[in-house]
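Asks: Fit chain B to the known structure of chain W by using the hints.
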Amino acid sequence: GQNIDQPTEMTATEGAIVQINCTYQTSGFNGLFWYQQHAGEAPTFLSYNVLDGLEEKGRFSSFLSRSKGYSYLLLKELQMKDSASYLCAVRDMGNNAGNMLTFGGGTRLMVKP
Amino acid sequence: DGGITQSPKYLFRKEGQNVTLSCEQNLNHDAMYWYRQDPGQGLRLIYYSQIVNDFQKGDIAEGYSVSREKKESFPLTVTSAQKNPTAFYLCASRRQGTSNQPQHFGDGTRLSIL
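Going line by line, the protein sequences match chains W and B.
Just so you know, we're using my numbering here: the first sequence kicks off at 1 and counts up by one.
Just so you know, we're using my numbering here: the second sequence kicks off at 1001 and counts up by one.
So here's chain W without its partners, still in its complex pose (with noise of 0.2 Å):
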């Protein structure tokens, strides 16, 4: 089986920077992505992972280190429409072909102004 962390919330200022982490224990890592999910709607992809280092897009990059099971979503100049629940989700090869994932229960992002 495979076991996802990730705070269930945060808080941030508006303009600030946020670090917002996941770990996870899987056999056959084969990728992570990070969603948004603002309340009552649709995820939405943010981002994936499946070799070591950063990936920048914009305000938002992610990190992975599969070495350490470990990633992190860096949402820089934050603005209030950030706030939204953000979700790991990793890919097992083990998962019959590594096509389906499992995610994490959310980080939950409340922007202050």
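Just to be clear, a hint being listed does not mean it is correct.
Here are some of the chain W residues that sit facing chain B, going by a computed Cβ distance under 8 Å [unchecked claim]:
1) F45
2) Y48
3) V50
4) L101
5) G104
None of these hints come from the bench; they were simulated from the model.
Keep in mind that this is a model prediction, so the values were computed, not measured.
In this text, a Cβ means the ideal position worked out from N, Cα and C, and glycines have one as well.
Replies: Same frame as chain W, now just chain B:
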């Protein structure tokens, strides 16, 4: 526009009743998935299908059934055997073939008990 359409947006179920949630995609994706999300929690996989006429159970398939008669459609039936059906149901699809392809989600159906 290409995308995934779930309907209805809100659904109410009476005791002992089966209800069917619709999921249609025009993205020409082979793989489709159904997830359940409870308040404040992550997504749990109910069923998935990687090809037409084939589907597999996910982690919480009991009390649910699916069909995949067409590539575009993957309806989910919540049966009376599912004793706690109140949740937000999300359908997703994915293009097969490359590992970096993400799953794309519909807008969800919120199911409640009357």
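Asks: Hint check: is the beta carbon of W/L101 less than 8 Å from a beta carbon of chain B?
Replies: holds (7 Å)
Asks: Just to be careful: measuring from the Cβ of W/V50 to every Cβ in chain B, is the smallest value less than 8 Å?
Replies: W/V50 check passes; min Cβ-Cβ to chain B is 7 Å, inside 8 Å.
Asks: Minimum Cβ distance from W/G104 to chain B below 8 Å?
Replies: holds (5 Å)
Asks: Against chain B, is W/F45 within 8 Å by beta-carbon distance?
Replies: Check passed: Cβ of W/F45 comes within 4 Å of chain B, closer than 8 Å.
Asks: At a threshold of 8 Å, is the proposed contact between W/Y48 and chain B supported by beta-carbon distances?
Replies: Holds - the Cβ of W/Y48 comes within 8 Å of chain B, reaching about 5 Å at its closest.
In summary, the structure agrees with every hint in the numbered list given earlier.
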